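Based on the sequences and whatever the hints tell you, model everything.
Listed here are the chains, written in short residue letters.
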Amino acid sequence: MKLVIDESRCKGCNLCVLVCPYKIFQEGTELNSRGIVTPVLDRPERCTNCRLQALYGRMLCGVCHMICPDQAISWVEERPFEPHKVEVEF
Amino acid sequence: MQGNAACAEGALAAGCKFFGGYPITPSTEIAETMARKLPKAGGVFISMEDELASIAAVIGAAWTGARAMTATSGPGFSLMMENIGYAAMTETPCVVVNIQRGGPSTGQPTRAAQGDMFQCRFGSHGDYSTIALTPNSVQEMFDLTVKAFDLADRFRVPTFLMSDEIVGHMRERVTIPDTVEVERSRPLAEESLPFEASADGVPGFAPFGSGRAVHVTGLTHDERGYPDTTDPAAHDRLVRRLVAKVESARRDIADYEVTNPDAETVFVTYGPPSRTVEQVMRDRPDDTIGHLRLRVVWPFPEFALHEFPNAKVFLMPELNMGQMVREVERHVDQPVVSLPKIGGELHTPAELVRALEAHR
Amino acid sequence: MIAPDWFRDDRLPHIYCTGCGNGTIINCTLAAVEEMGWKRDETIFVSGIGCSSRAPGYILTDSLHTTHGRALAFATGVKMARPDFNVVVFTGDGDLAAIGGNHFIHACRRNVDMTVVCMNNYIYGMTGGQGSPTTPPGAISSTTPYGASEPAFDLAELAVAAGANYVARWTSYHVKELTKAIAAGMQTPGLAFVEARTQCPTNYGRHNKLRTVPAMVEHLRSHAILVRKYERMVAEGVPIPEGAFTVGELVRRSRPAMGVQR
Ligand SMILES: Cc1ncc(C[n+]2csc(CCOP(=O)(O)OP(=O)(O)O)c2C)c(N)n1
Ligand code: SF4
Ligand code: SF4
Ligand code: SF4
Ligand SMILES: [Mg+2]
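Just so you know, the protein sequences line up as chains A, B and C, in that order. Everything in the first sequence is counted per this note's numbering, starting at 1 for the first residue and increasing by one. Everything in the second sequence is counted per this note's numbering, starting at 1 for the first residue and increasing by one. Everything in the third sequence is counted per this note's numbering, starting at 1 for the first residue and increasing by one.
FYI, nobody ran anything at the bench for these hints, they're computed from the structure. Please read all numbers here as calculations on a predicted model, not as lab measurements. Even for Gly, the Cβ is constructed at its ideal location relative to N, Cα and C. Among these hints, one or two may not hold up.
[What the hints assert, rightly or not] Examples of chain C residues toward chain A, derived with CB under 8 Å:
| # | residue |
| --- | --- |
| 1 | 7 |
| 2 | 16 |
| 3 | 21 |
Structure representation (structure tokens):
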């Protein structure tokens, strides 16, 4: 699974930056076409849900997309599947 | 039977399934009768914490498709005004009974008046239109309550039964039919949006649970029901329609009695003053005296005034300082004489005869 | 995106300001609704007036966006007329506790079977940030420029005292706990009241030294004390930090309820 931010909805509040335990969301620096600074993703393949949702068949962690007030965070199927080398820092 | 009890019987006969109210003299017997009978008829009676809540609960229940009503008097009616505007804006069919008493403020709790006739038309802020019925007998408390539900459903407007302490507390014989025919709202067509009106200006109704996911809001909204609060055209379209759907059906909604259409002196009445006029006309049969009695006052049937082509003067006894008389004045060229009376008593026949002599 | 089937896609993005917690609370409520397995055709959202009360407009069910303060009275009518419907009310601190205070205590007393989610942002958000009955003493708002001088209401305690069968409080930071609490409330027959303390960055945070959205949420998180811990602290005589409030389940009971489907 691949983590994506819907640029048409994100308002750049950075709550995802606050809550992700892996610090995958980083405060952005550049304005997008809507004039909003959206967060950038740092190695999103580390996200628990990216890695394990398919295995467990349900949402894992998911705190970012629950707190996102603008319904901007979601996961999409990767097609074709791209295997990632994942380093998880504890 | 008492007028208020007949009103409750009318509601039950019309299939009313929800009553939310707060006690107030002189309307309380309606709530008490509903409390006794509605649960046995498979309906819900609930005593709300105030009149703001009563009308709110009634509107909520109405959106489940239930016929719903509340009953009150002046002070409670005043409290209901904001949500009456909400019902008008959201096109919620519901019935509000006002057993009028002397006002302003707490006024005369046990005395009759007709002082809320403009409040029921213009009491909430903004432009809208409503329907108001004015019974003058216990039988009409029954009949017009049934009719109020039908009109509320058909036009999707809050509809008022504007009675008063005299008729509410009067005791007379009533005939209650075994069943009454009722007319419900037209269902929302599959292909129509929730607030998309038909040719008559009234949208079909999809009560909650119909699977149409209707968003109901008091904000200015489009045909989908979505708020659109800044576009002048959207507001103009909606509010004009809300007014027009009632006003353009004036002839359809109208309900009045004409006596002696050739008369030169014409009494115009609604509610209990009509009884005194009838008394006067019985006492002194005289073809030159006419009587127009309105059972529907809003939307105002101005064309009914023209049923008296020979009229030289209109006399209007009302239990207020002169309210509906303004509406009559607006629509005729002849002189219109207001015969106001406040304090809680009906005009006596002698008073009306004096007025008759003085003005014809 | 949480509960995609329940959002009115054609109305998103919503009108809320950047970082407004209301969107989060809608997420949590819809996650709870999904957990309950409710059907959209049988679920009704009701609200009053305020930013918080705009929530039903973004949900794809029948919904009533009513007048200021009266949501609970409207909802009582809906639920009593159709006990088979699931009724959820969204309200704000002003809507619920100021103009709607009377309906609040009576709805709790009647214990009508519905779930009430109050987005308490300590302020009248929609009208531009005036002091409300939950504005903490000392806080700056446009009508308390020298600091609020009135004591504030504790909404959850008020619901407990008035008789609601389920009462809990969480914040917009505690998304998982809040979702669980809303679901627990939905399962409890009778009135379930869930207070969700939340951030209004635009009209509250800015004026109260909480300039960024994360700073506001962090403030909520750090001032929340679990009910149990709070009770222990009180028992042990440990001083309660300034501005702290309890979170967790305050009550779950089975007083007689109305409008419960038999
Ligand atoms: C009868 C009435 N009085 C006042 C208002 C103006 N008004 C709209 S929203 C609001 C305050 C809302 O505060 P709250 O319920 O806390 O909601 P929030 O916007 O903070 O979510 C007020 C006073 C109104 N709409 N109706
Ligand atoms: S689901 Fe959890 S781990 Fe994955 S990005 Fe969101 S917060 Fe981070
Ligand atoms: S929480 Fe949502 S809206 Fe806020 S910055 Fe992250 S993706 Fe954007
Ligand atoms: S004013 Fe406050 S409560 Fe209203 S949308 Fe903005 S942040 Fe949210
Ligand atoms: Mg608020």
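*Looking back at the hints listed earlier, which ones does the structure fail to meet?*
none
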